[in-house]
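*Asks:* Please arrange chains B and C on chain A, whose structure you already have, making use of the hints.
Those protein sequences? They're chains A, B and C, same order as listed.
The first sequence begins at 1 in the numbering used here and counts up one residue at a time.
The second sequence begins at 1 in the numbering used here and counts up one residue at a time.
The third sequence begins at 1 in the numbering used here and counts up one residue at a time.
Rather than coming from a laboratory, the hints here were simulated on the basis of the structure.
There's no promise every hint is true.
Since the list gives no way to pick out one identical chain from another, each pair is judged satisfied if it fits inside one copy or across any two copies.
[Unchecked claim] With a Cα cut of at most 20 Å, we get these calculated EDC-like pairs of lysine to aspartate or glutamate:
id	residue 1	residue 2
1	K38	D24
2	K44	E326
3	K255	E237
4	K298	D317
5	K327	D317
6	K255	D197
7	K186	D24
Because the structure is a prediction, the values reported are computed rather than measured.
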Amino acid sequence: MAHRFRATLRGPADLVITQVGELDSSASGAIAFIMNPKYLPALKRTSVAAVILTERLLEHYQGPALVTKNPHACFARIAGWLNPEARPAAGIHATGAVDPGARVAASAAIGAYAIIEQGAVIGEDVVIGPGCFVGRGSVVGRGSCLHARVFVAHGCRIGEECIIHPGAVVGSDGFGFALEEGKWIKVPQLGGVCIGDRVEIGANTTIDRGALHDTLIGNGVKLDNLIQIAHNVEIGEDTAIAACVGIAGSTRIGKRCMIGGQVGIAGHLEIADDVQVLGKSLVAGSIREAGVYSASVKAERADAWRRNVARLNQLDDIARRLRELEKRISAESTKADKE
Amino acid sequence: MAHRFRATLRGPADLVITQVGELDSSASGAIAFIMNPKYLPALKRTSVAAVILTERLLEHYQGPALVTKNPHACFARIAGWLNPEARPAAGIHATGAVDPGARVAASAAIGAYAIIEQGAVIGEDVVIGPGCFVGRGSVVGRGSCLHARVFVAHGCRIGEECIIHPGAVVGSDGFGFALEEGKWIKVPQLGGVCIGDRVEIGANTTIDRGALHDTLIGNGVKLDNLIQIAHNVEIGEDTAIAACVGIAGSTRIGKRCMIGGQVGIAGHLEIADDVQVLGKSLVAGSIREAGVYSASVKAERADAWRRNVARLNQLDDIARRLRELEKRISAESTKADKE
Amino acid sequence: MAHRFRATLRGPADLVITQVGELDSSASGAIAFIMNPKYLPALKRTSVAAVILTERLLEHYQGPALVTKNPHACFARIAGWLNPEARPAAGIHATGAVDPGARVAASAAIGAYAIIEQGAVIGEDVVIGPGCFVGRGSVVGRGSCLHARVFVAHGCRIGEECIIHPGAVVGSDGFGFALEEGKWIKVPQLGGVCIGDRVEIGANTTIDRGALHDTLIGNGVKLDNLIQIAHNVEIGEDTAIAACVGIAGSTRIGKRCMIGGQVGIAGHLEIADDVQVLGKSLVAGSIREAGVYSASVKAERADAWRRNVARLNQLDDIARRLRELEKRISAESTKADKE
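Only chain A is shown next, with the shape it has when bound in the complex (with noise of 0.2 Å):
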């Protein structure tokens, strides 16, 4: 049982393990798990019935453990498979509205108030929430869940395994106009979405369609709440993105990428595989190589960063001073040396 967790067992074979908890946890059957060493006096102290931990930290804990090399991976696949998530049961609802040019696999459950459009492709064991509504020809990939209220516009694509979260919109018009004569002329957004495997997008999340070629999600891309993703931008695979992130148009993000919360991505930009950009901050030019990247600054007392901000606007002078004072006493040093 363990092997399926890819950890060892260290103690009875009979253990009973029946919730995922923490270490502080005094509920009977709970296994916890720890990684960082900073929780060692938790350990120490903790009752659960047992511990997810690596070989190296084995030695702190007497108790019955699943050794394992990453304990939060495997203390994620044992909460999963103790806690299976709650799955209608096959079948259109009553109150489905299921458009006879669209197909639904017999294995699809369909919710109440849901919307399938014509030409519409729900795969096997697809769950479309209340009040969801997929559009003309798109389609749901096998296993996909679409929890309540989600929106996928007409020719989207999404693949198989997804979650996606209430309130979240697929394939909305990108923000696309030509300027004449102060006004604007919308351009017909003519692309769609595409979205691979394994994708979660959260809630209230918003991807817009392509202009004239399909926004892309790699596979395994993970979406927190409240993001917008801009028409034509390409997601890498297993890049993870945190809430609040705005990305612009055409902007290509790489692989493995980490998106702190609040950040904003430019448009028509590259960034590269295995970049992080911490928390709120501005990317607004292409980024070519991995590593980690921040314009984030740190609330302070109103009082002492008012009076540090208002230099900022004094900073290109006081440059150009200090710069003028160095030269000054640079001449004053050599004539000095000539006297």
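*Replies:* For chains B and C alone, kept in the frame of chain A given last:
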């Protein structure tokens, strides 16, 4: 009558007020308020039927007045009394999908296309607007109002007399993943969301359920639109948060805090009671003391700004060179003194 | 035909165009445009059926061309003409809940599970998508389209030929509270929202109703996704606002402004006509003159950034010490001159 609004009437006892307005309102029967002396000119010109003001400003106005310590609060109460919310009639709309295993109070109103799942409990005088969703086992307390299209997931608790605006999502999964060899493994989100009494939640705001324990929103908390509250955040009583704020996981915010618009607060922090954070600031460390905090930088003309901000990347260098110059000049004048 | 798109045809009068594309498109019958000379290499290589360009670039291309002053606008018009919106048939869907006291034009289309409340007026050729809500007494003008799941509260007015994307919320309560002894008292929001003609509103964008007067969105305004417009904001004609912007209460924005993504604008400000604010900036004071404004700071390598940003808190000190040095050196050189 004035007493009911914590005020004293100066003027005719048969004064008739029909609506609230501003000092420059020309509507008949209007009542306005003044707190800030900068509006004294408007007070002198006003033709409203009555004015709410403090003792201190009373001498500046001869007409009918309600005298009170807090004119804004008095105005709010009178406005509420003159404009009671139009509540729909009690009962379940013909298209409301209420599970037989849910418990709905007779005085509650369930709107069109609303869905109430098994085990949910809807209290007395509750309004569940059209298209809302209340998941398995969730509780909505007495007198609360969920406007149209609110989503409350399973296992959540909304207190009494709460107001939740359209598109808000309560109880979506927290953004929890374990990283294993470059891939993300979902960590099931097993907690819920627990919301106190008299909480207001803005349109399209999202509040994630906890990972193991509940996300907690205290009594009297006011949340504006498009806010993201991550899993296991705790918000203390009577804290008010403006629009577009993002709060990362497990952060605890104190009581009576005021968080400005677009503020970002990192995860696992502690924010004390009575902290005020100015708009667009990043809170990246715990704040242990009450007070006002800021990292806001005001927009300037772009050309001047670009010149100054370019120097930011030289700031450490500037500071070092300045220190160098100071030492050198200090050494020289010591030398000069000795000569 | 070219005339209809404000262009002159150079090439065969029987030129057949079937779709818009990019210069590198290999589709037959495609028409592309070029504005920026940096794409001249792509122009030389292109195999599209025709190109839209200016007089000035005409010499660089030998094939069929549409010559016009504004190729992007011409492209937008042709794209729109080739790709008319698929409008649903007129009539009320069997599951559309239209109150008998509402007025729906015969040419309007009301989608599945849409709700039109008493006294609402739905104009000619309007499309109300599935799951939309139009509240008591609200008006939707001729030719406007509300995509799925749009919420329009009571007492609001949408002009003609507007487009509103899924999840948008128009007319939710403004964030208005009076503070009394540490508690918030709700101030009823009695105004509405008044939206002009040809306005586009992005997915999950929220526009709050006014406190006493209406929130006003001028003709031709374009709003991207996930924008927050607070109560009593006024936005002038043809202003375009990118995603994730937040605008606080009672601020007035001029005509033809362009507001970048994630910009925050504080409350009670005046922004002149023709102001451009660069992405992620904070506007904390009124802007009286047209021009480009910014407070954007670009992300850098985190280690270099941390070193520099740490000095921000010393900036006032640095400026004072520099001034001190300047004075001292100036005094010394005066002294030296005298000696």
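*Asks:* Now tell me if each hint is right for this structure.
*Replies:* Evaluation of the provided hints:
1. Within a single copy, K38 and D24 get their C-alpha atoms as close as 14 Å, which meets the 20 Å cut-off; across copies the closest is 57 Å, which misses it.
2. Taking CA atoms no more than 20 Å apart as the test, K44 paired with E326 passes in neither setting, with 59 Å inside one copy and 54 Å between copies.
3. Proximity of K255 to E237 under the C-alpha cut-off of 20 Å is restricted to the intra-copy arrangement: shortest distance 5 Å within a copy versus 41 Å between copies.
4. Only between protomers do K298 and D317 lie at most 20 Å apart by alpha-carbon distance; the minimum there is 18 Å, versus 24 Å within a single protomer.
5. For the identical chains of this complex, K327 and D317 are neighbours both inside a copy (15 Å) and across copies (16 Å), given an alpha-carbon limit of 20 Å.
6. Taking the closest pair of Cα atoms, K255 and D197 come within 20 Å of each other only inside a single copy of the chain (14 Å); across copies the shortest separation is 42 Å, beyond that limit.
7. Proximity of K186 to D24 under the C-alpha cut-off of 20 Å is found in neither arrangement, the shortest distances being 57 Å within a copy and 22 Å between copies.
In this structure, the hints that do not hold are numbers 2 and 7, in rising order.
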